[in-house]
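Engineer: The hints should help you fit chain R onto chain X, whose structure is shown.
Number of protein chains: 2
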Amino acid sequence: MKIEYTLLKKEKNSDARLGKLKTNYGTFETPMFMPVGTEATVKTLSVEEIKDVHAGIILANTYHLWLRPGEDIIARAGGLHEFMHYDGPILTDSGGYQVFSLARPKDITEEGVHFKNHLNGDPLLLTPEKSIEIQNKLDSDIAMSFDECIGYPATREYVEKSVERTLRWAKRGLQVHNNPNQSLFGIVQGGEYEDLRRHCVEELVKMDFDGYSIGGTSVGEDKPTMYKMVSYATKYLPSDKVRYLMGVGDPIDIIENVMRGIDLFDCVSPTRLARHGHAYTKYGKINIKNSKYKDDFTPISIDCDCYTCKSKYSKAYLRHLIVANETLGARLLSIHNIRFLIHLTEDLREAIKNDTILAYKEQFIKDYYHT
Amino acid sequence: MKIEYTLLKKEKNSDARLGKLKTNYGTFETPMFMPVGTEATVKTLSVEEIKDVHAGIILANTYHLWLRPGEDIIARAGGLHEFMHYDGPILTDSGGYQVFSLARPKDITEEGVHFKNHLNGDPLLLTPEKSIEIQNKLDSDIAMSFDECIGYPATREYVEKSVERTLRWAKRGLQVHNNPNQSLFGIVQGGEYEDLRRHCVEELVKMDFDGYSIGGTSVGEDKPTMYKMVSYATKYLPSDKVRYLMGVGDPIDIIENVMRGIDLFDCVSPTRLARHGHAYTKYGKINIKNSKYKDDFTPISIDCDCYTCKSKYSKAYLRHLIVANETLGARLLSIHNIRFLIHLTEDLREAIKNDTILAYKEQFIKDYYHT
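Which chain is which? The protein sequence lines are X and R, in order. Residue 1283 is where the first sequence starts when you use my numbering, and the numbers rise one by one after that. Residue 1283 is where the second sequence starts when you use my numbering, and the numbers rise one by one after that.
The following block holds chain X by itself, in its conformation from the complex (with noise of 0.2 Å):
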């Protein structure tokens, strides 16, 4: 079975919108952020823990599972839901963004990218067939087009071409995509050309794909440019579609980008801020291993309904694991970071039942940037 997406509502203010997805383990609502299991798992968490922060899809790296331990052995497992023992919904990506931050020089041709393996230098070929027949392989609930991620800036000419490119990426994909339980999305490119943003989406819409995903930021541009790139591509999208704008995680990002309408978002920052010590909190992001915490015997926020919060953690412990390279230290503000972000995506489905995202909004950056 493909997905099913059902827009429940539209806020008032904005063009921010409530939704449903069904897949095939389980229904979800939206907005909705993903945590990233790159290696077929959320970095430090169990599956019981993912489900415990309210995670209603987790993303899974393509270009990662092909290197190691290979899609093959996946399959064989039974797909990605029977090798991680993970029975929620995941999305994987096309390979194309770990191409252009990772693979390094490439060689990009209207075949497919030529680049060489990051772990032990062998030359590869990522095509938009063998980006589809992996994904296919994996079995994952969404699989990506695979586009060519631009990065900024670019010139207009450069975009241009590429946005035909992906194009017809997008097509070649889709002729072979073979897999009647996975859906498939299209992914809008065209940098920060509004004409070209609409092109894409147009040409894409006419493939009818599954779903629409943003590519392309999160790539070096300011955020006003990024919010003109998402507003680009979700004023010409179909709004019977889920739409998913992806890499992006920092919180006001989420709000600005839900307002927008955007439905799901994915980012590695939660489980990398947290190995590094990182916790977010309503006032803003906090550094664990500062010394004032060495005998701050309070949770990260009394707020909030996390394992590692409800636990009553304290700030004191949280330091001394990470000072001590301790994994449960990057463990514990890793589950508290990934359901920060999900729990904000939750107070902006409230929000959007409510009509009231601008106030939510303004009190949200009052708090975080202490303005």
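For the record, the hints were derived by calculation from the structure and aren't laboratory data. Please note: incorrect hints may appear among the correct ones.
One copy or two, either will do: identical chains are not told apart, so a pair holds if it fits within one copy or between any two.
Straight-line alpha carbon distances no greater than 30 Å define the calculated BS3-like cross-link-like pairs of lysine-lysine that follow [said to hold, decoys possible]:
(1) K1388 with K1302
(2) K1592 with K1333
(3) K1576 with K1564
(4) K1333 with K1594
(5) K1574 with K1398
(6) K1523 with K1412
(7) K1571 with K1333
(8) K1488 with K1443
(9) K1571 with K1453
(10) K1284 with K1571
(11) K1576 with K1453
(12) K1294 with K1510
(13) K1574 with K1412
(14) K1517 with K1488
(15) K1510 with K1291
Structural biologist: Frame of chain X, contents of chain R only:
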């Protein structure tokens, strides 16, 4: 309240004992294997997971906690249980073993041991009084006397002198011990010399400790010598006090030493092996990184009742996690390995009840060593 040890039954064909140890944080049966929580965390495990492997008691390291975060911070948190959020029994070592193993060069004087902080090179002095003072503040359920852990081999002359000093240090520690909720153990040294082990036991018993530890094993000697050392101590120890063999955790050593009258064991091996991808099984240790597990979709052991095996995480997935250096791998294997050793002590308790320990040992060796 001090601990209360009750001897429930002696096995007919060996010196093995079934016992019960009551502490302020719960009662458990012995023999028991204690997981090690060096830095106030059993590496990679949450406190719920410690309970879930049926650990009766855990060990924390005085030396490490003295250096980081410092005993005063833990005291201000309300003691080690509060600090690490663990409401089960905790035993602390004296720091003597870490001074022996981590701190070089060292200078042993009558006052104590001068050595360098292994983290930053600062000169430090650990004395019997200081060790007890730190442990009093940590507020563990059971504290260890500060002793000199002698290497192997050592001359009779050196061991003689060292035992006398260990006895003087034990008395000095006893005199300053000042925590009515903490029990204090004496440590039996004496190397491989029966008369010295016996002398040490007799002098410690005169001081009337709450329990007795056996030290100076696992320091380079062969297995028969270790078993001899243990027998030379347990032979003379009072039967109404609990006996703890420090730093021993090899499955066959647990069996052999239970048969010599040991009640408590600790060892870092189950978590250390896990981090390197090794798992205990009834049929010997396996290295999960072995390529034959690449597509082995069965759990480590179908008989095992640990979270990892019960949940059916496959060897192929565990291999992938360890190869990809994902901490969930070390966590899942740590849970399995600790549970394996605790399960072994459960089997031994059953064998003591049924007077079948000889047959149990024979079968275990047959399976474990494929003989």
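Engineer: Does each hint hold? Answer for all of them.
Structural biologist: For each hint, the structure was consulted:
no.	hint	result
1	K1388 with K1302	neither (39 Å within a copy, 66 Å between copies)
2	K1592 with K1333	both (16 Å within a copy, 18 Å between copies)
3	K1576 with K1564	within (21 Å within a copy, 44 Å between copies)
4	K1333 with K1594	both (20 Å within a copy, 18 Å between copies)
5	K1574 with K1398	between (45 Å within a copy, 27 Å between copies)
6	K1523 with K1412	within (25 Å within a copy, 68 Å between copies)
7	K1571 with K1333	both (28 Å within a copy, 29 Å between copies)
8	K1488 with K1443	within (19 Å within a copy, 89 Å between copies)
9	K1571 with K1453	neither (49 Å within a copy, 40 Å between copies)
10	K1284 with K1571	neither (45 Å within a copy, 37 Å between copies)
11	K1576 with K1453	neither (56 Å within a copy, 34 Å between copies)
12	K1294 with K1510	within (20 Å within a copy, 81 Å between copies)
13	K1574 with K1412	between (51 Å within a copy, 27 Å between copies)
14	K1517 with K1488	within (16 Å within a copy, 86 Å between copies)
15	K1510 with K1291	within (23 Å within a copy, 77 Å between copies)
In the structure shown, a violation is registered for the earlier hints numbered 1, 9, 10, 11, in ascending order.
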